[in-house]
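Protein chains in written order, with numbering that gives the first Met the number 0: chain A, 0 to 132; chain B, 0 to 132; chain C, 0 to 132; chain D, 0 to 132; chain E, 0 to 132; chain F, 0 to 132.
Keep in mind the hints are simulated off the structure, nothing from the lab. Any given hint could be a false lead.
Remember, identical chains collapse to one label, so a pair may be satisfied in a single copy or spanning two.
Said to hold, decoys possible - Lysine-lysine pairs mimicking DSS-like chemistry, simulated, CA-CA at most 30 Å apart:
no., residue 1, residue 2
1, K96, K35
2, K83, K131
3, K77, K40
4, K131, K40
5, K131, K77
6, K83, K130
7, K130, K96
Here are the chains, one letter per residue:
6 protein chains.
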Amino acid sequence: MFRKLFAPTIEVQAHCDLPCGVYDPAQARIEAESIKGIISKAADNDDPDFRTRAIIIKEQRAELVKHHLWVLWTDYFKAPHFEKYPQLHTLFNEATKLAGASGVKGALDADVADQLLAKIDEIAEIFWETKKG
Amino acid sequence: MFRKLFAPTIEVQAHCDLPCGVYDPAQARIEAESIKGIISKAADNDDPDFRTRAIIIKEQRAELVKHHLWVLWTDYFKAPHFEKYPQLHTLFNEATKLAGASGVKGALDADVADQLLAKIDEIAEIFWETKKG
Amino acid sequence: MFRKLFAPTIEVQAHCDLPCGVYDPAQARIEAESIKGIISKAADNDDPDFRTRAIIIKEQRAELVKHHLWVLWTDYFKAPHFEKYPQLHTLFNEATKLAGASGVKGALDADVADQLLAKIDEIAEIFWETKKG
Amino acid sequence: MFRKLFAPTIEVQAHCDLPCGVYDPAQARIEAESIKGIISKAADNDDPDFRTRAIIIKEQRAELVKHHLWVLWTDYFKAPHFEKYPQLHTLFNEATKLAGASGVKGALDADVADQLLAKIDEIAEIFWETKKG
Amino acid sequence: MFRKLFAPTIEVQAHCDLPCGVYDPAQARIEAESIKGIISKAADNDDPDFRTRAIIIKEQRAELVKHHLWVLWTDYFKAPHFEKYPQLHTLFNEATKLAGASGVKGALDADVADQLLAKIDEIAEIFWETKKG
Amino acid sequence: MFRKLFAPTIEVQAHCDLPCGVYDPAQARIEAESIKGIISKAADNDDPDFRTRAIIIKEQRAELVKHHLWVLWTDYFKAPHFEKYPQLHTLFNEATKLAGASGVKGALDADVADQLLAKIDEIAEIFWETKKG
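So that you can see chain A by itself, here it is in the shape it has in the complex:
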């Protein structure tokens, strides 16, 4: 797996607003995976202090998901992308809502985390299509 991830022909993508030209939906996905892990651990643990910590950290991770998605939506995607993929605005708006109070911030619910992950994957699929073109 390591070979695949770091083989010379595969560029890992990221972002900064210089812009450096490096973007990657994996940044949002990693944080969303973390949220799913948190929810799973909280479900297996009765300690109220642990639950408090789980909520604190979930809140931070969810904020990071929102941030990474907003960055893609504003900084990576350009007008021609939005013309070609008219669903993109709604997709990002729904994904960031799923990372917020009406989504994983507001619940310790593995299903909501899965919905968030699925939305991020939809965005990632479009992202990688645009990189091919």
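Here the structure of chain A is known, so what remains is to put chains B, C, D, E and F in place on it, guided by the hints.
Positioned in the frame of chain A, the structure of chains B, C, D, E and F alone reads:
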């Protein structure tokens, strides 16, 4: 490429200190790739204000590289790993130094960015080996 | 002016993602005004260190503009708003781009700051219409 | 209301420590309004996880209130203001204490939030008087 | 020296707004020392990129000085202290101004750093007197 | 005590990654003392909201402990130090683990806080030895 990255059998890894159990050296690598992109763009641009912005953002990204590596070193790797891989401490110390003042923070030098990326890849290789075991 | 701003019948609006139900486009506008002030001061000052500081602080303020706008777009505006105001997605996307590298982050240009302020005002006008309804 | 807020003769005020010359007590007030909203929502909700989130976010918002007030006290107000308004130091000290552990941080109490709002309004009244002069 | 600093009878003091009851003016002083070090290194170095980094980091350290001082002023000192030491408000206001745009933020000047350090020491002297009482 | 701390022959040490050359293990210790204070106050208080606040703030302070220690390990200590003190890597790794989920983050336990303080003191002892050399 997308299929590979998000195929159901491949877990994207990350971290939070609940701990959620999700870690991934890609987080450090993405920021290091961004630094390489910044250095490349600054080399092609004469505007002093652009160079100032490049240095500001490089500073932030380098701090993120350090943070993601420190998290792996403290939170993911345990005593048995350090026994099995006695070079790990030095590897992490050198990698984080390469992300600091004596490395990419202190220079706009593509070679230093490549050295940092190579160190991160060495760490990632060990990381993925420990995940197999 | 003070009386108007703090008269008991006028609610100052803001945001947190509890959600607390308090939002206000003024948060973005205040940071954008600050950017305009920074650009104006940098234009009147030859000291290169001052210019460096101006760019550092402009970068931070621009990031805050983006953040405050993203919060409105994701957390305040709901599906019915996007149906009623089909231009909203594009408006937010353009406004946040104007706060980024292709806008005030990438330039010390009062005209770009004015364009950003005008976009924020367009958003604010819609925002206040939805509060009346 | 929008017309009033964004009419060309009314300057929205803010701050950065360039200084950009833009300040506005509304920044502190908006966060304090948010705290009041949080307290109100927590009072209507029995879910312990919601209460935990309310406390997390209240903590952050209260810190922002303190920060915005400290900025006004240090960066906007000058020696002549403190001579003309000898109560200013105490006013700011009490207002920031009301935003701290002995105030809204330490309690989910709407009355304390109202006391904080009242102090901010006292400060704002003096602020706008100094802007006229 | 170590023995003195960490001897069991000497409490190192700090702060959090629980409050934890631990405060220490050393936190502000350490950051101010750092600023003095930055200014000294920038004076010995002609590289414009180094100077840019020096200004970036000085800006952050100065903000930390302000923050640590504000915390002492609001959270540690109480009404009886302000009665006993009527100069305290002015002292803190001047110290935080020296950490801002009209002080070390606005200049690469060792004298200004020394003035800031001297003000912090004046505050520290009063602080330690109140701890004895 | 004040005289000792701020006497002209005693340098207070700190850090920034310019590097400014100013480091001090006291920064980590102060935050660890704060954690101990938090744990003690939480033990004396039955209010669940207070306990929630205690956990929120302990989480932040523990993160600061980790950060200050990581900075010393990467930025202050150099290869010759690690040769002379072969236990240093393990010491830092254990200290930062004690500041994390398996240490003070994961428990409200005064003993764990004391273990963390003891580790920081071991590091500090070595640190001050290297400063003498």
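Tested hints:
no., hint, in the structure
1, K96 <-> K35, "both (16 Å within a copy, 23 Å between copies)"
2, K83 <-> K131, "within (14 Å within a copy, 35 Å between copies)"
3, K77 <-> K40, "between (39 Å within a copy, 20 Å between copies)"
4, K131 <-> K40, "between (38 Å within a copy, 22 Å between copies)"
5, K131 <-> K77, "within (15 Å within a copy, 33 Å between copies)"
6, K83 <-> K130, "within (14 Å within a copy, 33 Å between copies)"
7, K130 <-> K96, "both (26 Å within a copy, 20 Å between copies)"
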